[in-house]
Every structure is written in structure tokens, then in C-alpha cells.
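S.K.: Sequence:
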Amino acid sequence: MVYDLEFEKPLAELEKRIASLQRKGERLRPEEHAQLQEYERELRRRTEEIYRSLTAWQTVQVARHKDRPYTADFIHLMCEEFFELHGDRRVGDDHAIIGGPALFNGETVMIIGHEKGRGMREKIYRNNGMPHPEGYHKAIRLMEQAEKFGYPVICLVDTQGAFLGLEDEERGQGSAIAASLYAMARLRVPIIAAVIGEGGSGGALAISV
1 MVYDLEFEKP LAELEKRIAS LQRKGERLRP EEHAQLQEYE RELRRRTEEI YRSLTAWQTV
61 QVARHKDRPY TADFIHLMCE EFFELHGDRR VGDDHAIIGG PALFNGETVM IIGHEKGRGM
121 REKIYRNNGM PHPEGYHKAI RLMEQAEKFG YPVICLVDTQ GAFLGLEDEE RGQGSAIAAS
181 LYAMARLRVP IIAAVIGEGG SGGALAISV
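If you read the sequence shown in the working numbering, its first letter stands for residue 1, the second for the next number, and so on.
No wet-lab data here; the hints were simulated from the structure. Quick reminder that beta carbons are idealized off the backbone N, C-alpha and C, glycines included. It cannot be assumed that every hint is accurate.
Stated by the list, open to error - Straight-line distance between alpha carbons at most 20 Å, and here's what the computed DMTMM-like set of lysine to aspartate or glutamate pairs gives:
#1 Lys16 - Glu32
#2 Lys16 - Asp67
#3 Lys123 - Glu49
#4 Lys123 - Asp168
#5 Lys123 - Glu147
To be verified - Label pairs and their in silico Cβ distance ranges:
#6 Arg29 - Ser201: 49 to 57 Å
#7 Arg64 - Gly106: 33 to 41 Å
#8 Pro152 - Ala12: 34 to 42 Å
#9 Met78 - Leu21: 30 to 38 Å
#10 Arg52 - Arg188: 36 to 44 Å
#11 Arg188 - Phe83: 20 to 28 Å
Let the sequences and hints guide you as you build the complete structure.
M.R.: As C-alpha cells, this is what we get:
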């Protein structure tokens, strides 16, 4: 595991010692094996201790960590099949919101989530997970399809917030968020909304009812 954050440095040092001993494999002497077990116990203890007492800013850092799984990762790991649907049928497709019907534990569900993307090129393509009005219109379209076909809705939330651009405001960013909240509140199918990273402002709330 990679420990990048400042408060994780004690864990990184322990991880380094553990890895050094593990590389010896079967050549470990009895006292080294005992030391390895002690390091592993200490790592578990320190991890619990550190993460039990995070400050507000440290919690934000963890939520924004570059190695956290994103919506696309969760879909890949938990769904047997996924068919992504594109476009809001009004203006265009917002790549910051992905969604579509998926097969989860043998049942068809509708998955909707923010997607930040990895690497500079994909982050630009995904607008770093900050949706435009089209993203919320697309989410509403998927919710309405879920209602029509009786699919449970799973929403995966991970955004700093809706994109704050002049053109977005001109196209009704606030009303798009409100419409998404209204549509979601009226759904009669089961809904699960999980915050998998950041959950900032109305941009997150719009698919979190």
C-alpha cells in the first residue's frame, strides 16, 4: 500500500520494514519472523489509532486521495454486466456523470455516479467529476427509466460540487440540481446512495436523496 499523506508517514516506515522482511521469504530466521509479526501488529494498531482521530482536513485529504476507487472501478468490481447510457436528450452528454443499467448479484439495477477520471487527459474529459446541467438531466433520464422498468437505483457520489461556469449558470445549473432532487424524491423504486469519496455541495446532493 502507498502512503502519500503527511500524517501517514509513520505507517509508511512500518510498511517499509515489513516489506524488507517479507522479501526474505523462507530465509527468515525465527527472531526475524517474530519481528515481522510484531511490525504487522504495530501497523494495524497505528492505522486504527491514526484513522480514529483524523482532523477535518485530514478527512478531506483521504476523501480526495488519488488511489481511492472511483465509480467506474466500483461498477467493474461489483457488476457482472454494465451498459452505459449517454446524453440528456437536450444538449449533449456530460462525462462527469456516468450511468446505465447493470447486473448486480443477478438483479438489474440502475447505476448513476460521478466519475473524476485518472490522469490529466481523463480528468479533463470528465471535468474532474464536476457535472454540468446536462449531467443532472442525464441522471433524471436514468432515474425515470429505472422507475419505468422497476429497477432499484444505486447512486455513487464523489464530487467537489457542480461545475461553476458562466455557461452552466446560463443553462440553469441550479434548476437542474433542483429538478434532480425533485425527481429522485418522487421515485417509488428502492434507492441506495453511497458517498465513495467527496460529497460537496448541491452537486453531490442532487443524486444523494
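S.K.: Which constraints among the numbered hints does this structure fail? Numbers only, ascending.
M.R.: Failing hints, ascending: 3 and 5.
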